[in-house]
Amino acid sequence: MTTLAPAEVPTSNPPAVTPAPGHKRTSIGRVIAWIVMALIMVVTLAPFYWIIRTALSSNSDLLAHPSTPYPVGFSVDSFKRVFGWQTGDAAIAAGGSGQSINFWLYLRNSIVVACLVTAGQLLFSAMAAYAFSRLKWRLRGPVFAIFLAGLMVPAIFTFLPNFVLIKELHLIDTLLGIALPGMLISPFAIFFLRQFFMTISTEVEEAALIDGASKVGIFFRLILPMSVAPLTTLGVLTYITSWNDYFWPLMVSYTDSSRVLTVALAVFKSQTPQTGPDWAGLMAATLVAALPMLVLFLVFARRIVNSIGFSGLK
Amino acid sequence: MASHVVSPAGRPTDTQTRTPSANRRRRDDTRLALIFIAPAAVGFLVFLIWPLIRGIYLSFTSFNLLTPAQFNGLDNYRRMLLDPVFWNALKVTVEYVIINIGVQTIVALVIAVLMQRLTRSMVVRGIILTPYLVSNVVAALVGLWILDTSLGIGNQLLKLIGIGPIGFFSDGPWVIPTIALVNVWRYVGYTSLLIFAGLQTIPGELYEAAKVDGSSEVQMFFRITMPLLRPILALVLIISIIGSFQVFDTVSVTTAGGPVNASRVLQFYIYDMAFGRFQFGYASALAVALLIVLVIVSFIQYRLTRAGQTDLA
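Line by line, the protein sequences give chains E and G.
Be aware that the first sequence starts at 0, since it is given in numbering that gives the first Met the number 0, and climbs by one per residue.
Be aware that the second sequence starts at 0, since it is given in numbering that gives the first Met the number 0, and climbs by one per residue.
Read the hints as simulated data drawn from the structure, not as lab findings.
We put the beta carbon where it would ideally sit given N, CA and C, even for glycine.
Any given hint could be a false lead.
[Claimed, not checked] What follows is a list of derived Cβ distance ranges for each label pair:
#1 E:Ala144 <-> G:Met121: 31 to 39 Å
#2 G:Phe298 <-> E:Pro68: 43 to 51 Å
#3 E:Val294 <-> G:Val211: 43 to 51 Å
#4 G:Pro258 <-> E:Val75: 34 to 42 Å
#5 E:Val75 <-> G:Met121: 28 to 36 Å
#6 E:Thr274 <-> G:Leu156: 22 to 30 Å
#7 E:Gly275 <-> G:Leu156: 14 to 22 Å
#8 G:Ile48 <-> E:His64: 54 to 62 Å
#9 E:Ala144 <-> G:Leu156: 22 to 30 Å
#10 G:Gly72 <-> E:Ile171: 26 to 34 Å
#11 E:Glu202 <-> G:Phe70: 52 to 60 Å
#12 E:Gly216 <-> G:Arg78: 21 to 29 Å
#13 E:Ile171 <-> G:Phe70: 53 to 61 Å
#14 G:Val84 <-> E:Gly140: 41 to 49 Å
[Unchecked claim] Stretches of chain E that chain G covers, calculated by requiring three or more beta carbons in the stretch to come under 8 Å of a beta carbon on chain G:
#15 48 to 62
#16 175 to 185
[To be verified] One side only, chain G facing chain E, incomplete, derived with CB under 10 Å:
#17 Ile110
#18 Val133
#19 Ala255
Only chain E is shown next, with the shape it has when bound in the complex:
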């Protein structure tokens, strides 16, 4: 900790804050603090603006005016290149590589993989969490502890052996092969949902039992509907994580048939045309690939922001 202590806390609250009678504190310190905060937000968002500005420019004008703060040689050709609405020759003329990009196919692949992973992980983790929180069985504690220990296996270590396994299962270059390892288990999801299930009152459950409901029925008709909120939060986070995944899909997919957007973006980048990178096209592709998650974020912002914390700590 001592290593961190002398942090350069430019909270920039100079002793100006010394207790003055004017307790409303529109002090200089506060103003400076807001300025720092505003700067941080600008730095955070500026790259997004630059993506849009570049995507709406044409490559030749980008060369001539690299620092103009608005789109130069305004055109939406770059988006046409990304969506494959431009002929190869026209694309090359505009500074593209002229190679075909199956954007819609990659989009579909990304959606399929993210949906498979999210649906699988939610259902199977919820089932396990139910068994670990609401069912009575002998080895519940130890088995749960073992599952939790799975959190400590760094992802990087499972990649290579999992690749070998997926190859043995003949699932290389398939969407299922990409989704499978993440579909069945997430120790974190189990832990997260178990925490929530334990807060649901047992009385409702007892009442349902007396009314003759089965445990399975209770899970599907009582516990799951009561857990819509945490399930949504978890689902959105899982979807985003899966969508943004790069390393694993890169290993497993070889051809367009199973290529997801992140990998396609990297491939697009590596197809640099003779004339230099197709920056306008690349930024258009970047924007289009990131947009679905940004929209999702816009819709679920409050939920996502609030979910970040130490759910299990306090």
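The hints should help you fit chain G onto chain E, whose structure is shown.
Chain G alone, transformed into the frame defined by chain E:
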């Protein structure tokens, strides 16, 4: 993802007053429980435990994916000890982690404290988190464009003040700091929200009392915020350092390990060894080395941070 600390919660589900019929149902739960955990258990065994065992086994073999793995004892490890590229990769990775985590933690702390003292606005928190929503690949590509040597706006701005151009992604000494900072951009908001959540656990009365006593903001930061935040900060550090050691995406998209080996981080070297040269055995040994590094790092951090736990009763 968010952090996980096991709370020994286990609430008492046993209510002594139970009808005999309910009791019978309870006893039946074992079978049902097995069915309910079956998919997760299969996933756990097949995609977590089995690869762990197999990865360690493969590290003692020569394996090119096409013919069966040949056991070759400690050959891979002997080779690793003598492999200058490995040692360089380890050095580069550590350098990356230090820059990445150092800058990220300080900036995140600043953002979190500023937010705590200034605003609880959801919009501000949302903006801060935005980069976290895009993939590493997107972050890498934007970084590549903004910091491009000839056309990037970064170098254009530097030119205005008479510096550069700097080959952020092409000049040896610059690549690792650059990649580290690109990832700081993507993750700092997330980290700051984690710390912010931790700050919420500090009672506001402490600050009010301190203010009455005439403490300045700086004093309050060092006397109240830092000591009480320590356990949470430690947890954030452990999580982010472990993640940081596994850097790959950004390197793969921007420099592919270059120039020469300047940004050949461990994870990229492993990938290259496996999929570029099909030496899965050696790649597995390298992965074991990274695993060991991670275990050591976690252990040290755990010991260091346990020492001064919870000041907040």
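- Message: Flag every earlier hint the structure violates by its number, smallest first.
- Response: Per hint list: 9, 12, 13 violated.
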